[in-house]
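J.: Listed below are the residues making up each chain.
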Amino acid sequence: MKNIDSYTHTRGESIYLDDVPLTQGTLFGAIFGSPAAHGKIKKLDLSAAMASEGVVRIFTWKDIPGVNQIGGIVPDEPLFAEDIVDFNGMPVAFVVATSVEHAQAAIKKIIIEIDPLTVVTDPRVARQNNSLIVPPRTFRLGDSDAAFKDCVHVVEGIAETNGQEHLYIETQGAYALPQEHGAIKVISSTQGPTAVQRHMAKVLGVPMHQLEIDVTRLGGGFGGKEDQATSWAIFCALAAYHLKKPVKYSLHRMEDMRMTGKRNPYSSDFRIGLDAELNILAYEATFHQNAGAAADLSPAVLERTLFHCTNSYFIPNVTATAYSCRTNLPPNTAFRGFGGPQGMFVIEAAIAKAAEKIGVSAFEIQQKNLIKSGDEFPYGQLAVSEALPCWNRSLSLFDHAKKKKEIEKFNAENILYKKGMSMMPICFGISFTKILMNQARALVHVYMDGSVNVSTGAVEMGQGVNTKMLQVASTIFSIDPAKVKMNSTSTFRVANTSPSAASATADLNGKAVQIACNNILDRMKTVAADILKCSATEVSIKNEIVHVNDAATEISWDFLVLESYLRRISLSESGHYATPDIHFDASKEKGHPFAYHVYGTAITEVTVDCLRGTYKIDAVNVVHDFGTTMNALIDRGQIEGGIVQGIGWMTMEEIVYDEAGRLRSNTLSTYKVPDIYSVPQMLEIDFLETKNDNLAIFRSKAVGEPPLMYGIGTFFALRNAVKAFNPKSSIGFSAPMTPEKVLMGLYDK
Amino acid sequence: MIKFILNDVEIKTDLKPGMLLLDLIRYNQQLTGTKIGCREGDCGACTVLVGEIKNGHLEYSTATSCLMAIGNACGKHIVTIEGINIDGLNAIQEAFAKEGATQCGFCTPGFIVSLAGFSLDKSTPTYERSIDAMNGNICRCTGYKSIERAAKNFTEILGQRSTQEPVEFAVDNRIIPAYFLKIKERLLKLNGQDTQSATAGNKFLGGGTDLYVQQHDTMPGEAIGFLFDKTELKGINQYDDVCEIGGAATVADIAVSPVFQKYFPALKEYIELVSSTQIRNMATVAGNFTNASPIGDLTIIFLALDAKLTLNDGAQKRTISLRSFYKGYKQLDKKADEFIEKISFVLPAETDRFNFEKVSKRTHLDIASVNSAIKISMEGNVVSSASISAGGVGPIPAWLSNGSAFLTGKEITPENIEELLKIVQSEISPISDARGSEAYKRLLLSQLIKAHFIKSFPALPIQNLLHG
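Protein chains in written order, with our numbering: chain S, 1 to 749; chain R, 750 to 1217.
Take the hints with a grain of salt, since some may be wrong.
[Said to hold, decoys possible] Each computed BS3-like pair below joins lysine-lysine, with the alpha-carbon atoms no more than 25 angstroms apart:
no., chain 1, residue 1, chain 2, residue 2
1, S, K2, R, K847
2, S, K62, S, K43
3, R, K1204, S, K409
4, R, K933, R, K901
5, R, K1083, S, K483
6, R, K1204, S, K616
7, R, K1079, S, K108
8, S, K357, S, K723
9, S, K149, S, K357
10, S, K616, S, K723
11, S, K485, R, K847
12, R, K938, R, K979
13, S, K372, S, K691
14, R, K1171, S, K616
15, R, K1171, S, K749
Derived from the structure by calculation, the hints contain no laboratory data.
Can you build the whole structure from these sequences, using the hints too?
T.: Below, the structure written as structure tokens:
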């Protein structure tokens, strides 16, 4: 089934935040962000800005009726800076004016004086200063200290991954519209409407029931609008609260890039031990997460790094410790993969380094240690593994042995160009690691004419979740998809939602839709049984026709709906779903946190231009564990998009902060994401259909985040190509592998 | 008064000619299908079609409306996504929907408009050209593979065009609406009128692709001297061995110029490294010189070619060498009331070698970390004259005078190249920035100079050069 939005998307008729027709009298906001990354505000002079043309009012923390706090996990993030600024771009004042131009002009007239304090941008320095967001956490399995003594090969090193700008093409923004009785409706470009509502209620000092957060769709999110959409919505709501006027703020790209957090950079230490047969016996990792100036979601990101620190491998003895380090960067945040990729990169680096030392290929170590069903993850859950089926199928389907030979031949024959190949198995756990978030609700109305209206807590941001929700409803009811309409996501229709994140949105909300539809259907079947003088258990609906014991009757869906209404049977239902069987004890760091895991293997081939240090990605061939896909078109799109985003993170996407904490890569001309020429020339995806039962909706496994991690393979393929040219190169494990790092690696002496 | 046709509506407005077309489209005309992603021409979400009469033909190209002043739209046909919608999905939209080539949808109208531009181009519609048409469009969701498949399917439709006029074919095949058939006539009528308010300003504006990035706040209010559509500044002509380029000639004009194609056989490779299709349609060569970026691609090419500039202040003209145009970082030998009227250079002789190299973080639509061009004239085995330029290695686009002088009278040997590299290293002063560290830029320039020789002198022993 095609994406239900494809018609309006391709015609430019889909409505995003900045496309909402303006209500008369709308005012426009703009944030004045701190020009310094750390310091004490000595003076803030708003007088010239206030006198600037078109300015209505300028808000600061002093205008907050409730509390000046938006920290989600840890209350350490003021909405506005009070005395201290913690990062460059930290909101200090919100200018509201009669036009965008007037607001932007006034920003430039604000005078601020800041007594500088020491700026820290390096997470290791922050750890030395004991400047941590939360206490460090350690996951343990077996006894790594003891196991290292039995190892024949022990290798240690450092692995680093830089941040990543989300670069949703639609920037952050919100539009607040005052309603009667002090209520406010906010149109927000957020993945987490409830998070916006909850924090807004606290800042404004009003009950949550006064605040409707409504989201039609996002022009991309990728995690960047999970927690970080909140502040813009609250700024607008705060101004609307005081001025009783609609207030809108749609960020300029440079404001967005400067003021919002990104994927957490990590600097990590690893130590890996193997026996003579290449079994990994022991693994130690210490992760230094660059959290930025406030917790945001970093503690949860950190947790997922630990969950995925052994990727798709079974290692019997593991000690992994993670530090969330406070620095003077914008608070870093969720980004597709949510700490998982950062953890996986380190184990892959450790394996690559061990392979080099032992004199084997990483392939051999990877293959030898793939996790099998029944093996234990460091957090106690037992694997139901598809790792080997994916790996083996990728080898045969894509003829790995032949490709390896071809590459060796190419490298022997060519001087200017070298090829490299890598294997990247993945294993990604599905569920929010915070157990309570694994719940969802859906509201389904069947109207008396037989049409259906579905509301969920899921936010459509391009992942196709609304299409899948519509499929669930039309499948359960067995009606034409055209009979089902998806609503925008509103906190007034569905309450207490979890954000659209963790790849779990379709599972959680889909199951809630399924439950709601089934409950309505059960009542309708009772009506049908009464009409047809049979038992309700004998009734089914197929293609809008009521069947009894699989035999078609004269009764249509439309007729039965109307009849149910006439008999005063409820045709509405709120379905509630909470993932069963999951639990986690943080005091022991053990449990069964994931509903299931998604597996897969990618084979990546690259060619490096050894004269210029540039490169091409020839092929990424993937075998991916889909369970049983419910929408191959959408799922393929998620895999392709995830891979390319992962490749971007590993290659050209380079976030640059200077020592003063100022973002240098603050525009699209200085921060490059993949364009149409830079994607893999070949990108094959094989759908591994697995029959094992799982907790996914219609057994169609979650597909949002896992494919991003296939991109990690590109780093190692490039590194292998560099080594083919210069075997003595000391090129390390620091992503992204920019053309600069490649060239320096090629000619490293 | 500014007059142009927007979709099928004639716009007559007294809005400031420096206002951006994007703002007019979205906030004045409430056509919200054209999206804002970056406001600096780097994402393509705001792509529009620009139709104009050229030599009696209606020709369409694409442009990023975020960098286009409405003063540059005068007398033209501007088409947004709304302007190519028909009843039901058009053939491009159908291909996108079918292949799942739209996810969040925000970038999609830009891609569709770019492909509409491709469908109206008179060149043979190949798959490769369809991809080139979208090289200024960024999508963050799809990974482009579904977009490639959609483009492939759509190109097959265009493959049936044969000799039919592109506009007619596109109307007949449900690609664009029928009102396009009347546009030529309407534009001819419009062009007979005064479509633009006389602007006497000396804030000169070419295509705007740099000015509107650097000075986006102030440009809309400036008194602008519009150069882009001045007929006398158009054209690329050859007079004996001299080539003259008008001050308003665009990079796209260079790409299709028969003169350039004849004298620079690898022209396509060079042009592909310069920005994107949309930007090349707007950006002028002269603008690349005057924005004074130390890494302007065209600047580096024309430094090696020893181009001369004719500056005009409205009353007087003077001619100077491009090599002496740069006085310091962003400082030019140009008075405020002067604009570049003409660029001229001596075309390479048959025995001359020319090459351009560029490396950036992303190969396409990116600003160079380092770029370099070379022109070498040979007499037998000996260099009779050499000219090497390099960008990104100092405050101004550099002509490497010492290196160029050293090479004259030398044979091309690995030893001489090594010596040349040493000399070059002593005449550059790169700094570390977002485009690379100083050490990288130094190494990279050496590599690019080696690349010049490897490409120009295939007999050179590569192994020695690479590991020398």
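J.: It remains to establish, for every hint, whether it holds in the given structure.
T.: Structure-based check of each hint:
Pair hint S/K2 plus R/K847 holds up; C-alpha atoms about 7 angstroms apart against a cutoff of 25 angstroms. Between the alpha carbons of S/K62 and S/K43 the distance comes to roughly 15 angstroms, so the proposed pair stays at or under 25 angstroms and holds. Using a Cα cut-off of 25 angstroms, the hinted pair R/K1204 and S/K409 holds, with the two alpha carbons roughly 24 angstroms apart. Proximity of R/K933 to R/K901 is assessed by CA-CA distance (about 29 angstroms); at most 25 angstroms being required, the pair is judged violated.
With a C-alpha separation of about 67 angstroms, the suggested pairing of R/K1083 with S/K483 is violated against the 25 angstroms cut-off. With a C-alpha separation of about 20 angstroms, the suggested pair R/K1204 and S/K616 falls inside the 25 angstroms cut-off, and the hint holds. Distance restraint check for R/K1079 and S/K108: the Cα-Cα separation of roughly 24 angstroms lies within the 25 angstroms cut-off, and the hinted pair is therefore satisfied. Restraint check for S/K357 and S/K723: satisfied, since their Cα atoms lie roughly 13 angstroms apart, inside the 25 angstroms limit.
Taking the CA atoms of S/K149 and S/K357, the gap is about 18 angstroms. The hint holds against a cut of 25 angstroms. Restraint check for S/K616 and S/K723: satisfied, since their Cα atoms lie roughly 16 angstroms apart, inside the 25 angstroms limit. Annotation: proposed proximity of S/K485 to R/K847 holds, straight-line Cα distance about 20 angstroms (limit 25 angstroms). Between R/K938 and R/K979 the CA atoms are separated by roughly 19 angstroms; this keeps the pair inside 25 angstroms, and the hint holds.
Straight-line distance between C-alpha atoms of S/K372 and S/K691 comes to about 17 angstroms, which keeps the hinted pair within the 25 angstroms bound. Pair hint R/K1171 plus S/K616 does not hold up; C-alpha atoms about 30 angstroms apart against a cutoff of 25 angstroms. The straight-line distance between the Cα atoms of R/K1171 and S/K749 is roughly 18 angstroms, inside the 25 angstroms bound, and the hint therefore holds.
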